[in-house]
Each structure stands twice: as C-alpha cells, then as structure tokens.
Amino acid sequence: MHDTASTMAALLDLPVAKRPDALREMLAPLDRVMSAVGGGDVVAMHQQGAGFRLDRDDPRYPAALREMREAGVWSRVRDCLAAGWDRLRSAAPGIRHADELHVLVVLGDPDDEHLTVRSRGYFGLGGFPGVVLLVMWPTATSLAKIGYAAAHELHHNVRYANVTWNPVTVTVGEQVVAEGLAEAFVRELFGEQALGHWATELRGPELQAAYEKVVAGIDVTGCTT
Numbered sequence: 001m002h003d004t005a006s007t008m009a010a011l012l013d014l015p016v017a018k019r020p021d022a023l024r025e026m027l028a029p030l031d032r033v034m035s036a037v038g039g040g041d042v043v044a045m046h047q048q049g050a051g052f053r054l055d056r057d058d059p060r061y062p063a064a065l066r067e068m069r070e071a072g073v074w075s076r077v078r079d080c081l082a083a084g085w086d087r088l089r090s091a092a093p094g095i096r097h098a099d100e101l102h103v104l105v106v107l108g109d110p111d112d113e114h115l116t117v118r119s120r121g122y123f124g125l126g127g128f129p130g131v132v133l134l135v136m137w138p139t140a141t142s143l144a145k146i147g148y149a150a151a152h153e154l155h156h157n158v159r160y161a162n163v164t165w166n167p168v169t170v171t172v173g174e175q176v177v178a179e180g181l182a183e184a185f186v187r188e189l190f191g192e193q194a195l196g197h198w199a200t201e202l203r204g205p206e207l208q209a210a211y212e213k214v215v216a217g218i219d220v221t222g223c224t225t
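Under the UniProt record's numbering, read the sequence shown as residues 1 to 225, first letter to last.
By construction, these hints were calculated from the structure, which means they are not laboratory data. Don't take each hint at face value.
What the hints assert, rightly or not - The calculated label-pair distances, taken between Cβ atoms and stated as ranges, are:
(1) Ile95 x Glu212: 13 to 23 Å
(2) Ala83 x Gly130: 14 to 24 Å
(3) Asp79 x Glu100: 27 to 37 Å
(4) Gln48 x Pro93: 35 to 45 Å
(5) Asp79 x Ala161: 21 to 31 Å
(6) Arg203 x Arg69: 28 to 38 Å
(7) Pro167 x Glu113: 38 to 48 Å
(8) Thr169 x Leu14: 34 to 44 Å
Ideal Cβ placement from N, Cα and C applies to all residues, glycine included.
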C-alpha cells in the first residue's frame, strides 16, 4: 500500500507548475490501467476522474488530508484488504491473482458533484489486476466506508484475474454480476451496514424502472471510460 498521504502532502507544498509531474510519479502504477483502455496520461485521468485540482492552492486540501490521516483511513483500508484477501484465499485456494497489488488512496475534488453528492465522497477502481485506486473526499459516509470500498475493489481485482474483461465486448450483464458479487462479498465480510448507498437506496418504482432498463439492455456491449 502506497503512502499517498505523505506524497500528497509534499506535492501540495510544491509550486503549482511542478505538481503534475509529482502526481504522475505517484500514480505510475496506474499506467497499466491506461494501457488496458487504449493509452493516455494518468494526470489527465486524475483530472477527469474527480481528483484534487493541480492548478491552484486550496486550503481545504491539507485540512482534508489531516482529517483522513486522523481518521486512520490508510490503516483501515489496509485492514479491510487483509480481511478480504484472507476470505478469498480460504474460500478459493489457488485462485489466480496479481503477484503484487498497488493500492492508492487519492484525495478528491470537493467541488466535483459526482464525487461528493452522487458518490457520497468516495469511489474506487479495482477491475485491473494489480492496482486498486480509491478516490475520496472526507465526509461522514466516506470516512466510515472507505475500507469497505477497498474490499469491494479487491473482489473486482481478483475476479478479473480469472475472468477476461474487454472494454469492447463486455456486456451490461457482466458488469451487473461483477458489482453484485463485490457488494455481496462486502456484506459477507462486514455486515449490512457496510453496503454502499448504490446497493441500498434505490427502491420502489425507481428500482423497478432501473431493473427493467438493465434487463432490456443485458447483452449490450462496450464500456466507455
């Protein structure tokens, strides 16, 4: 697990012009993700994916990092990943997995609505074996659940070391199965309270409408990035 807390604190002390290169070095493990989806720059991915801004000083950033450190975010992520891996290897001895797992917790952009409103302050990327990325802005929900999100992403990471994922041919059905299995894994490990809001908040007519839309498009292929 990378000490991104210290790295980001040092990055935020740099002149603005030097921050992209420092971030690129921190995010180097994500190069394999970019190559899997056709190439690109990890800094551009960060900027498009709700990461903290590089083009300005913002007093909220150091304060947020301190809050995350004081809440034990990095240690809780590590503990939840360890619990998840113990369960996976005991349930499926010999299952294929990446030889090495790079875990990066990255500060998000507090002004990004997708992150702070729709995602309650946190989301992850774990479907490429060998890398788990967690983007967060400290909120009551994200501080409570970031470790569970890490376990969710670990399940993706191991699943896709055993199931072929192709961004051109992947179906809606496969994506639904993957997300459902990952949340079921979190519930098995940590209980109902660990589930993400995406698995619990949609109910009634809205849930039925979503179900019908998913079923109608279950074989649609392709994934946008």
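Status of each hint after checking the structure:
1. Take Ile95 and Glu212: their Cβ atoms lie about 35 Å apart, and the range 13 to 23 Å is violated.
2. The hinted range of 14 to 24 Å is satisfied by Ala83 and Gly130, whose Cβ atoms lie roughly 20 Å apart.
3. Under the hint 27 to 37 Å, the C-beta atoms of Asp79 and Glu100, about 19 Å apart, miss the expected range.
4. Take Gln48 and Pro93: their Cβ atoms lie about 40 Å apart, and the range 35 to 45 Å holds.
5. Between Asp79 and Ala161 the Cβ separation comes to about 22 Å, which falls inside the hinted range of 21 to 31 Å.
6. Separated by about 36 Å at the C-beta atoms, Arg203 and Arg69 satisfy the suggested range of 28 to 38 Å.
7. Range check, Pro167 to Glu113: about 25 Å between beta-carbon atoms, so the 38 to 48 Å window is missed.
8. For the pair Thr169 and Leu14, the beta carbons lie near 42 Å from each other, so the given range of 34 to 44 Å is met.
Consistency with the previously given hints fails for numbers 1, 3 and 7, ordered from lowest to highest.
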